[in-house]
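Chemist: Working from the sequences, and respecting the hints, build out all of it.
If you read the protein sequences in the order shown, they are chains A and B. Counted the way my numbering counts, the first sequence spans residues 1 to 406. Counted the way my numbering counts, the second sequence spans residues 1 to 406.
Misleading hints may appear alongside valid ones.
[Stated by the list, open to error] Cross-link-like lysine-lysine pairs, in silico, DSS-like; alpha carbons within 25 Å at most:
#  : chain 1 : residue 1 : chain 2 : residue 2
1  : B       : 41        : A       : 295
2  : B       : 342       : B       : 300
3  : B       : 371       : A       : 396
4  : B       : 41        : A       : 300
5  : A       : 18        : B       : 352
6  : A       : 77        : B       : 276
7  : B       : 342       : A       : 340
8  : B       : 276       : A       : 396
9  : A       : 295       : A       : 17
10 : A       : 41        : A       : 212
11 : B       : 362       : A       : 18
12 : B       : 340       : A       : 41
13 : B       : 17        : B       : 5
14 : B       : 119       : A       : 362
15 : A       : 77        : B       : 371
16 : A       : 340       : A       : 383
17 : A       : 272       : A       : 41
[As the list claims (entries may be wrong)] Which residues of chain B face chain A? A few of them, derived with a C-beta cut under 10 Å, are:
#  : residue
18 : 2
19 : 3
20 : 206
21 : 208
22 : 232
Calculated directly from the structure, the hints in this document are not laboratory data. Each residue gets a CB set at the ideal place from its N, CA and C atoms; glycine is no exception.
Below, each chain spelled out in residue letters.
2 protein chains.
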Amino acid sequence: MNFPKGFFANGVHCGIKKNGNKDISVFYSKKPCIAAGKYTKNIFKAAPVIVSRKNIKNKIHAIIVNSGCANACTGRKGIVDAEHTCDIIEKEFNVKSKNVLVASTGVIGQYLPMDKISKGIKKLSHSLTFSLSNSPISAAQGIMTTDTTVKVQSSEFRVPAKGEARKGRQGSKVTIWGCAKGSGMIEPTLGGATMLSFILTDAVITKQALNKALTLAVDESFNCLTVDSDTSTNDTVFLLANTEAKNKTIDTGRDFKIFSDNLTNICVELTKMLAKDGEGATKLITINVKGARNKSDAKKVGKVVANSPLVKTAIFGNDANWGRIVAAVGRSGIGIKPDKLKVSFDNICVFKNSKPTKFPEKEAKKIISEKEVPININLNMGKETAKVYTCDFTGKYIDINASYRT
Amino acid sequence: MNFPKGFFANGVHCGIKKNGNKDISVFYSKKPCIAAGKYTKNIFKAAPVIVSRKNIKNKIHAIIVNSGCANACTGRKGIVDAEHTCDIIEKEFNVKSKNVLVASTGVIGQYLPMDKISKGIKKLSHSLTFSLSNSPISAAQGIMTTDTTVKVQSSEFRVPAKGEARKGRQGSKVTIWGCAKGSGMIEPTLGGATMLSFILTDAVITKQALNKALTLAVDESFNCLTVDSDTSTNDTVFLLANTEAKNKTIDTGRDFKIFSDNLTNICVELTKMLAKDGEGATKLITINVKGARNKSDAKKVGKVVANSPLVKTAIFGNDANWGRIVAAVGRSGIGIKPDKLKVSFDNICVFKNSKPTKFPEKEAKKIISEKEVPININLNMGKETAKVYTCDFTGKYIDINASYRT
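Modeler: Below you can see the structure in the form of structure tokens.
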């Protein structure tokens with residue numbers, strides 16, 4: 001997998017997780033990066049979110065992330081601990097504290113074990129001196145909580161090189177790499193769970209373009225994801241760009257489009273991985289909404305269906321119980337015309353003209369029994385669309401969450 | 001259990017349910033009743049809802065209810081079937097079709113088996129001729145779907161008798177009796193599951209007062225209930241008053257207050273029974289919200305907490321994981337001040353001043369391990385309150401709903 005030039009990433013175990021798994025990760029660039037961030041809209045913002053929102057105004061050298069403890073709902077002490085984490089990075093990585101972003105995920109309401117954090121950062125700093133230790137996969141592992149899979153995605157493309165002639169150009173290779181974690185407490189409104197994603201690129205790009213590209217990407221991806229409708233106090237997406245690709249600065253136009261499309265694709269793929277690995281999930285469900293009067297309506301209908309426990313349990317049970325989908329659309333609160341609604345499992349229409357169709361039950365069951373289930377909803381009222389991603393709802397979700405803290 | 005004078009109720013098996021359980025019930029009064037009704041706000045209103053909303057403008061003699069088939073999303077044919085059901089009552093009970101209310105609950109998207117309905121109504125009509133067959137409990141059983149308990153409640157009180165002197169009065173005995181069903185697809189917004197409730201009284205009362213009393217009662221009870229946030233296409237509450245108590249007409253003032261309070265108590269008790277018997281539930285959870293700026297905020301916060309799968313699974317696991325409650329409050333979308341929020345399990349405060357308290361974990365666990373768990377949320381921003389009722393979330397809910405249709 002491609003990894004952008006000039007970045008170092010690694011994850012190690014520092015003792016927060018009792019099972020010995022990696023629990024602290026760093027993403028570091030010697031060259032200063034411009035950075036863009038998206039955060040939870042939960043009123044109770046975790047301490048690391050508060051500290052990172054302040055620091056992101058500066059150039060960034062490092063992101064430090066721990067799992068196993070969210071440092072959320074921890075009052076003034078929580079903020080001091082998050083700031084102190086940046087201070088340890090300052091000392092160990094020889095960068096300024098104000099140039100560090102911090103993120104946490106895990107149990108809410110517990111204080112950060114600062115001795116362990118300090119130990120972990122020292123380990124990471126030590127590994128930095130060995131180039132073989134550059135291990136993006138380890139970094140992606142270090143941010144996991146109840147995740148069962150590592151979620152990474154990358155993309156490589158060419159944009160014009162700095163000072164390159166228009167004709168005969170070869171361009172500069174730009175790489176974007178991203179990782180994400182999260183499997184419960186997920187409905188990001190970054191706009192979520194603790195949903196964390198860290199994206200790195202070596203592109204040369206203006207801060208304005210970086211922010212715009214991230215907003216576009218997040219709106220089509222993480223913001224269209226829901227596992228259980230619970231929005232976390234810690235959700236964070238960071239995007240760093242360190243200019244190592246030496247391309248002509250990306251700002252608007254065709255180059256922006258290329259960058260933006262690649263970034264969006266990475267975020268959509270990470271979003272699908274998150275949905276597939278939703279707590280206890282056995283399937284990825286994609287709600288394709290068409291024919292809405294506006295984007296907001298389209299997303300809202302998709303979210304209500306995606307969050308319906310009855311729809312999610314029916315899909316788990318391989319049951320083409322479309323009535324639950326129609327009922328969910330009907331309570332979504334947007335103005336719809338009942339006789340215009342069309343509902344299909346993939347290409348099998350099950351409901352239109354206000355009544356059931358005579359659909360082949362066996363074929364519908366086959367579609368629903370697959371690992372990826374597309375539910376198509378056409379409101380037939382306009383031209384706007386949305387794709388919302390979720391998973392099925394299983395007994396394992398209950399098992400995981402009835403015993404998470406203990 | 002007291003039952004109002006002049007009403008006949010019974011439930012029998014007519015063949016809709018495969019397991020032989022009762023699946024059709026009638027509530028009948030020879031004397032015409034004034035009636036009040038509350039219906040689902042889902043855009044896809046089931047055929048019986050559409051027909052009943054029309055008929056309720058008239059005096060009412062009977063409510064006919066079937067379980068096992070919701071007659072929802074069934075188009076024009078569904079409405080014809082619901083009307084035909086009223087026609088059968090007309091024939092068998094010697095009342096006019098327009099004086100009949102109809103309700104259905106069960107699988108969405110299937111047509112009513114009219115032959116079975118007809119058979120059932122004949123059985124019910126036959127039983128009417130035997131006074132011993134007056135069986136409100138059978139009627140309450142006939143409306144059950146995944147319910148595991150019969151839900152009935154009654155109340156008896158005195159109001160002035162017609163023409164009675166103010167002094168030395170003994171008054172007339174008035175009885176209110178109600179039943180309810182519902183255990184999944186429940187978040188009434190009557191306002192939703194299929195949540196059905198039928199309430200009968202022998203009071204003499206004006207139509208205006210009857211409507212007002214029902215609105216007040218439903219707002220404090222069924223509208224404060226959520227099992228899984230799914231609002232049904234069929235939710236219905238009917239209240240019939242047949243004047244058999246011969247009291248002085250209830251309209252406003254003290255007599256209205258007595259009637260209204262008794263009705264509200266019945267609806268609240270039925271609501272608690274519904275929450276306790278939520279699909280797969282092991283506990284009743286009451287969210288007591290205090291200190292809200294307005295009623296709507298209070299209810300909204302209560303509903304978001306009550307609908308949080310993470311809160312509900314934690315309570316199932318006997319885990320005082322209060323962070324999930326704080327996170328749910330924080331995403332509720334109402335304006336709150338984080339440093340003012342106080343969260344308690346019963347009398348044990350776990351969070352205030354933006355940080356955890358040092359609470360006795362064992363005692364908190366004891367509270368959460370009980371069959372009834374009170375979660376107290378004080379926003380400390382105003383004087384409005386709300387109580388919201390829900391249940392814990394268990395593996396059994398998944399089992400029930402992954403296989404409901406099959």
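Chemist: Looking back at the numbered hints, which does the structure fail to meet, lowest number first?
Modeler: The structure conflicts with hints 5, 6, 7, 9, 13, 14, 15, 18, 19, 20 and 21, although it agrees with all the remaining ones.
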